[in-house]
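First to last, the protein sequences are chains R and D.
By numbering that gives the first Met the number 0, the letter at position 171 of the first sequence is numbered 170, and the numbering carries on one by one without gaps.
By numbering that gives the first Met the number 0, the letter at position 19 of the second sequence is numbered 18, and the numbering carries on one by one without gaps.
Be aware that one or more of the hints could be misleading.
[What the hints assert, rightly or not] Distance condition first, Cα-Cα at most 30 Å in a straight line; then the derived DSBU-like pairs of lysine-lysine:
id, chain 1, residue 1, chain 2, residue 2
1, D, Lys166, R, Lys210
2, R, Lys225, R, Lys213
3, R, Lys143, D, Lys225
4, R, Lys210, R, Lys74
5, R, Lys266, R, Lys225
6, D, Lys166, R, Lys277
7, R, Lys340, R, Lys225
8, R, Lys210, D, Lys1
9, R, Lys31, R, Lys93
10, D, Lys144, R, Lys340
11, R, Lys277, D, Lys237
12, D, Lys252, R, Lys277
13, R, Lys213, D, Lys144
14, D, Lys225, R, Lys346
15, D, Lys1, R, Lys277
16, R, Lys241, R, Lys213
17, R, Lys338, D, Lys1
18, R, Lys346, D, Lys64
Source of the hints: derived by calculation from the structure; they are not laboratory data.
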Amino acid sequence: MNLEEYKGVYVFAQQVDNVLNSIAFELIGKGKDLADALGAEVTAVLVGSDVKGLADELAEYGADKVIVVDDPELKEYRTEPYAHALASVINEFKPEIFLVGATAIGRDLGPRVSARIHTGLTADCTQLEIGDFPINPIPGREQKHNQLLMTRPAFGGNTIATIACPDFRPQMATVRPGVMQKRAKVAGAKANVIEFNPGFTPDNKYVEILKVVKAVSDTVDIMDAKILVSGGRGVGSAENFKILDDLAAVLGATVSCSRAVVDAGWKPKDLQVGQTGKTVRPNVYFAIGISGAIQHLAGMEESDIIIAINKDESAPIFDVADYGIVGDLNKIVPALTEKLKAELAAK
Amino acid sequence: MKIVVCIKQVPDTKGGVKFNPDGTLDRAAMMTIMNPDDKAGLEAALRLKDQYGAEVTVITMGLPKAEDVLREAMAMGADKGILVTDRVLGGADTWATSQTLAGAIRNLEYDLIITGRQAIDGDTAQVGPQISEHLGIPVISYAQKIEIDGDSVIVERQFDDRYHVLKAKMPCLITALAELNPPRYMTPGGIFDACDAELTVWGRANLIDVEDSNLGLKGSPTQIAKASDKVRKGQGEKINKDVTESVDYIVGKLKDRHVI
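Next comes chain R alone, as it looks inside the complex (with noise of 0.2 Å):
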C-alpha cells in the first residue's frame, strides 16, 4: 500500500428516506477541520437512490465536492449495497480519511466497508484531531507526522484511549451523533459533484426487505433540547412521569430517561440517554431518580449544568451533578413546578 496516494477527508453523508442525517453536517464540519490542518478537501459520499438534489444541502455545510452514488438497489438501507459503494469509491478515489457517523447504520456499515478494504476502524470517536504518531518521539522508531488521532471512550465511559492507523489507508473512524459541530450554513454554496456507479449486482450477500416498519413517534429529538428533564427507575412507574412533563412544561423542556425506565416499558427507547441510547448535552440536565450507572453518564455527563435529585445520597449520578439534591423527588419535583411557575409569571 503506498500511503502518499491517499489523500483528501471523505464523510459518509447519512441519508435516510432521501433526507440528510445531522451527522452528515457534523463529518463535514469536523472534516473541515481536519482538512484544513493537512491542506486537503472536504468530500461527502452520498449513497442511495434519487438523492443528487441533496448534494447542495451538503455544499451548504461545507463540503467541497461531492460524490453520489446512485442506484436504485440503494433506496432503504442494506449492508451489502451500501457496503459495496462505499468500497468502490475508496478504492476508487483513495481517501486518507474516511469518516462514517456512528448511528445504527454506520456502526452496521463501518466494519463491513473496513474489513473489505483491509484497513482500521475506531468506532464511537469523540474527539479527532491531526497529529504525530507516537504522539512522543521514541528512539529508533519513525515518528510519523499529519497523523488521524481518533479518541474514543471504553469500559463504559470509564477509560479513553486515542488511536492511530499509521500504516493503512484511509484511516477510518465512525464518530459519536451530536459530538462534533457543525459549520454555519453558506445559503447558495455549490460542491462539486460527482457521479460514480460502480454497478450493484446482487448475490447471496444481499438480503431481501420483506417489511419496513417505522415507529410512530411524535417526540422531539432529544439530543436537540436546550434542557432535559430525565427519568430514571426511581420515578417508580409510567404514571408518575407526568410530574416530569409539569417540569419540562414550564422550562420548555423535553423528557428524557434511562435505560431501566425503557426496559420497563415506561418510555419509548428513542428517549433514552447514555451509551446504548443518545449523548446528549444540553444547556441544563435534569436527572431526576436516575442513580447515575457508567453507562448513563457516558450520554450526558458533558451537559452544562447537570442537577441531579435522588433519594439515595451515595447514588453515582451525585459524582457528576454540579448541584445535588438529596430527597424524595415525588415532593421536590412538583414544588419545583409550583415555585418555578410562580417565578416566570412574576416576570
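Using the hints provided, position chain D relative to the given structure of chain R.
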C-alpha cells in the same frame, strides 16, 4: 441446523464498577462475566435449538481462563465449546480478532453464526460484521427477532425509527441485542455436566486461510497512541435539606446561571 455463537469474557462494568481514590477504574476489583449481548445471542441460538432442533457450538478467543464462559454457555445448553488461545493472537484489534475467529470458524460447518452486538469493554460492535465479511456471508445487525424459513432466516432488524423484516439465505451472521431475549439460567444438571465437558482448544495452527500478518498485535491496523482513565467532571455541591429549601436552592442556581 448448526449454529455457532461467538462469546467474549469481559470485565463486569455494570453495577460493580469500582473506583480508586484518585477516581480511576479499579480493574483488579472487578469480576469477569459473559458479555451481555453475547449471552442474548446464545439465548437466541438455544431458542432456535428448542424450536427447530440445532447443534449449538460456542467459540471464544481469549486467555485460557476464558474457558469459564464456555462452561457457563454449556451449562445453559450449548453442545460444544471451543477456546481459541495462543500467545501470537494477543493484543489484537477488531481486524485481527475477526480474522482469528473467521479462521477458526472455517473449520466448522454452520448455517448461522450469532454474535452479540457489542462487548461492554470495547463497545465497538465491529467484530461480528467483520467476521461475516471475511467469510463472505451476509450480516444482519441488531436482530430483535429470528425465525427460520427453509434455507433462509427471517430477522427483524432494529435501527433508529424503524425496523426491517429481512430475509437472508443461510449461512448468515446475525448480531444480537441484549434486549433480544432475557437469557435462561444454568440448570443444576447442566452445571454438573459442563464442569466435566471436554472443551476443544485451538491455537494458531488450527486457523484456516489466515496469514500471520493479520494476527495479534502485529496484524492490527489500529494502534493505541495513549490511554488514560477518564477524568470525570467531579462532584459539585450536594445538599440534604427539606423540600422548600431544596426547591429554593434549585431555583436560586437556575437564576445564577441565567437559565430563568
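Results of checking the hints against the structure:
1. Proposed proximity of D:Lys166 and R:Lys210 is supported: the alpha carbons are some 10 Å apart, at most 30 Å.
2. For the proposed pair R:Lys225 and R:Lys213, the alpha carbon gap of about 27 Å is at most 30 Å, so the pair holds.
3. Annotation: proposed proximity of R:Lys143 to D:Lys225 holds, straight-line Cα distance about 15 Å (limit 30 Å).
4. At roughly 13 Å between alpha-carbon atoms, R:Lys210 and R:Lys74 fall within 30 Å of each other, so this suggested pair holds.
5. For the proposed pair R:Lys266 and R:Lys225, the alpha carbon gap of about 20 Å is at most 30 Å, so the pair holds.
6. The suggested pairing of D:Lys166 with R:Lys277 holds, with an alpha-carbon distance near 29 Å, which does not exceed 30 Å.
7. Distance check on the hinted pair: R:Lys340 and R:Lys225 sit about 19 Å apart at the alpha-carbon level, within 30 Å; holds.
8. The straight-line distance between the Cα atoms of R:Lys210 and D:Lys1 is roughly 27 Å, inside the 30 Å bound, and the hint therefore holds.
9. Simply put, R:Lys31 and R:Lys93 have alpha-carbon atoms about 18 Å apart, close enough for the 30 Å limit, and the pair holds.
10. At roughly 46 Å between alpha-carbon atoms, D:Lys144 and R:Lys340 are farther apart than 30 Å, so this suggested pair is violated.
11. Distance check on the hinted pair: R:Lys277 and D:Lys237 sit about 27 Å apart at the alpha-carbon level, within 30 Å; holds.
12. A threshold of 30 Å between alpha carbons decides the hint, and for D:Lys252 with R:Lys277 the separation of about 27 Å falls inside it, so the pair holds.
13. Only pairs whose Cα atoms come within 30 Å are accepted, and R:Lys213 paired with D:Lys144 is accepted, the gap being roughly 16 Å.
14. For the suggested pair D:Lys225 and R:Lys346, the alpha carbons sit about 51 Å apart, so the restraint of at most 30 Å is broken.
15. Taking the CA atoms of D:Lys1 and R:Lys277, the gap is about 36 Å. The hint is violated against a cut of 30 Å.
16. Distance check on the hinted pair: R:Lys241 and R:Lys213 sit about 26 Å apart at the alpha-carbon level, within 30 Å; holds.
17. For the hint linking R:Lys338 to D:Lys1, the alpha-carbon distance of about 63 Å lies beyond 30 Å, and the restraint is violated.
18. With a C-alpha separation of about 65 Å, the suggested pairing of R:Lys346 with D:Lys64 is violated against the 30 Å cut-off.
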